[in-house]
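Asker: Which chain is which? The protein sequence lines are A and B, in order. If you count by my numbering, then the first sequence holds residues 321 to 714, one letter each, in order. If you count by my numbering, then the second sequence holds residues 321 to 714, one letter each, in order.
FYI, nobody ran anything at the bench for these hints, they're computed from the structure. Among the clues, some could well be false.
Treat identical chains as interchangeable: a pair holds within one or across any two.
To be verified - With a Cα cut of at most 20 angstroms, we get these calculated EDC-like pairs of lysine to aspartate or glutamate:
1) 675 to 511
2) 539 to 640
3) 675 to 432
4) 675 to 509
5) 539 to 373
6) 394 to 589
7) 399 to 701
8) 539 to 655
9) 675 to 427
10) 394 to 427
Quantities reported herein were computed from a predicted structural model and do not represent experimental measurements.
Protein chains: 2
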Amino acid sequence: MDQPLAGIRVVDLTRILSGPFCSMLLGDLGADVIKVESPGLGDHVRGLGAGVEGMSWYFASFNRNKRSMTLDLKSDAGKAVLRRLLADADVLVENYRPGVLAAMGFDRAALDAINPRLVVGSVNGYGSTGPYRDRPAFDFITQAMSGFMSVNGSQESGPMRAAPPLTDLIAGLYAAFAIVAALRVRDRDGEGQAVEASMMGGMMSMLAYLSAAQLATGKTPAPTGNDHPIASPYGLFRAADGHVAVAPSTAPTLRRFLDAIGLIGLLDEPRFATNADRVANRAALNALIDDAMCHETQEVWIARLNAAGVPCGRVQTLGEVFADPQVAAQEMVLDVPHPGHGTVRMTGFPMKFAKTPSQVRHPAPDLGQDTEAVLAEAGYDAADIARLRADGVV
Amino acid sequence: MDQPLAGIRVVDLTRILSGPFCSMLLGDLGADVIKVESPGLGDHVRGLGAGVEGMSWYFASFNRNKRSMTLDLKSDAGKAVLRRLLADADVLVENYRPGVLAAMGFDRAALDAINPRLVVGSVNGYGSTGPYRDRPAFDFITQAMSGFMSVNGSQESGPMRAAPPLTDLIAGLYAAFAIVAALRVRDRDGEGQAVEASMMGGMMSMLAYLSAAQLATGKTPAPTGNDHPIASPYGLFRAADGHVAVAPSTAPTLRRFLDAIGLIGLLDEPRFATNADRVANRAALNALIDDAMCHETQEVWIARLNAAGVPCGRVQTLGEVFADPQVAAQEMVLDVPHPGHGTVRMTGFPMKFAKTPSQVRHPAPDLGQDTEAVLAEAGYDAADIARLRADGVV
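Looking at chain A on its own, in the form it has when it is part of the complex:
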C-alpha cells in the first residue's frame, strides 16, 4: 500500500526550523516536497551546527525526504515560476511573518485564482490575527510569552526555557497535522483552504492541568522543579551510581514501590500516612528513600522496580539515548547514506504505521540539486531553463 501522502506535491517556501519540520513530516508521510531556496544561499541552516563531509547534520536531519530547487522569489520571473509550480501543487507551506506572502503577490485571492484546490499551510509566531501578528518571533520568546517558562524550572532557578526549540517543533507538527486534515476535506469536497499553527498557541496547548488549575482557581502555579506539586514521593532518588527517576502514580503503585525498597512500614507513620502528609514531609521522606536505595545500582533498581510495575528509569544523556537498545528496537536512530557526504545519523520516525511505514526515500538535498528536474516537470524546456539560469532566477 502507498504511503498516506503518495502523489501529493508540496511546494515548500519554509526555512530554519518550524516550517522545515512541518514539511519534513509531510515528506516522511510520502509527499513529494520541493524545497524552494534562494539561489546561492539556500536555507540558513545549511551553515549551522556541526558538519561532516560538507553536510550540516542539523540541516540533514530536518530536510530528509525533500528535493531542492533554487528560485529568486524577489524577481518577477521567479514569481512567475512559483505560480506555475503552484498550479500543479497540492500544498504550499510557508513560515514567513504573517502578511509577507500576500505582499509578495500571493494572497488568498491570488492563490485561489492559481489553484482553488491548494491547501496553504502557515507556521508563525503568534497567529495571523491579533495585536502581535507582526511581531518577529523566536522560540525563546514564545516559550516566555506562552507561560511555559514561568512554570519550567524551580523556585531557585527562576523561569527557565526548555533547551530544545519546543515552540518551533510543536507549531510545525500542528501545521503538518492541519494540512493533512485539510487534504482530507479537499479529497472530499474539492476545495483547498488556508490552515495555520502558531508557536505561542501550540505551546499553550501543552500546559495541560497547569492551565486548568490556573483557570479554575485563579492561582498562578509556581515552578516546582522535579517535585510533583501534589504527589509524594516522586522524583529523582539516589542509587549507588546515580539517580533513579521514580513516579509511583497511584496508591497501589506507591505500595509496590515502598515494598520493593523495604519501606512499606512508613505508611503506618502519621507523617507519611496520606498523600497530603507525604507532600508536607517530602524532604524527610525523600531522605529515607535515598538511604534505602543508595546501596544498589541504578540497573538493579530499574530492573526490580519495573518488574514490580513501578514507573522508573534513568536520566539518560543524549549519548546514552542513542545507544539505548529500546531506541534501536524502535528504529529511532537512522543511518542515512548521503551521496558525497558520508552517512548521516539522525532521529527516526515518531509515527509508526503497520502497513505504510515511513522511510527515508531520499536524503537531505544539496542546494538546488533538483532545480532542472522540477522545472522540466513543470513544462519548462531546456532553452527556458538555460535562460532562467542565465538570468539568475534559479
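Based on the hints, put chain B in the right spot on chain A.
Answerer: Then chain B, alone, in the frame of chain A:
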C-alpha cells in the same frame, strides 16, 4: 463545508491524558468520539484537579467534543458490546500498555475479523516492540529516558523535568496525526491499519539540533539554562519592573538591538566583536545590557524592540497569558457552558482552519450520559439496554 473528520466514528478506550488528548484532537476535527468508561468509576481524571460545580476543569479541558458511555470491558457481555460498536466504527483509540488490548481478545486478527476498515491508534510509553515495551510508563520517566531532562535546566539545577506532561501530549498529538493520515489511506485503498506513537519516541523527535550535535560530534550537550549555547547576547535582561526576554537571532537583528539600547559601540570593542567573543565574555556583556535597560519598563522596551524587529517579550505567568489580548484575539481561551456545571474556561484550538474551523460541539460529558443513545444507534432495543444495565455491563 464539513469538518475534516465529519462522519468519522471513534471508539475511545483511553484514559488519563495521552490518549484522551489524542481523541480530543480527533473530536476537535469533527469526529464523533465515544468515550468508553468503566461503570461507576469512569476516567480517573474526573476526580483530579480543581473542580467547580462538580466538574474537574482538568477533565473538562481534555474531554470536550466527546460522548460518554459506560461499559464493563472485563465481562464477556461488555466485550460483545464493544465488538458491535467496532463493527460500525472508523477508529479505535487506546492507551493501554502494549499487549493489553490483545489480551482482552482484541488483537489485530480479531479486529480485522470485526472490521477490516478499522484504524487502530495506540499511544504508549516506549513503543510496542523492544525490551522496554512492557514497562509501565509515566511522563516524568519518559522525560528522563528520552534525554530531554539531561539538557533541560542549568549546570546549577542539574537535570530538570519540564513542568507540563510534555511526553503525554506530544505522543497523543502524533497518534492523532497518524490516525488522520491512516484514514486518508483507508479512504483511498479501503483498508485500515494499526498506527502508534510513544512518549519516549515523540519526545526524542523534539530534541532537534541537540540530537544532531550529539550524533555529529559524539559530545554530550550540557544544560545551559537560559543561555543559548552558541549565541550571545540572548536571554533575560533587567528592565525597571522585571525581565525582558531578548533573542537577536541574526547579525542585523543584533545591531538593531544594540542600537535600540544605546550600546551599538560595543561591537567595536575587541571583547565583543564576534559572536565567539561575545559568548566568551557573556557575563560582562549581559551586565552592560542590564545597566542599559534597567531604567525603562518592560512595556517600553517590548514596544521599542518589537518596532525595531528584535524578537522580545515577557515571561508571562499563566494568569497573564490568559489575560493577554493576543490570546483573546486568537481565541486561545474559551468559555464553554457545561449544563449543570456552570461555564468552564479552557485552552482553545491550536490548529486554525479558514473554512472548517474547530468548535466545541459539545462540552465534556457526564459519566455515561450517552450510554443509551450509543447502544440504540448500535441496534440495541430498550429491553436489551435494560438487561445490560441490570447486569452491570453498562
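Asker: I'd like to know which numbered hints this structure contradicts. Please list them from smallest to largest.
Answerer: Violated hint (a single one): 6; every other hint is consistent with the structure.
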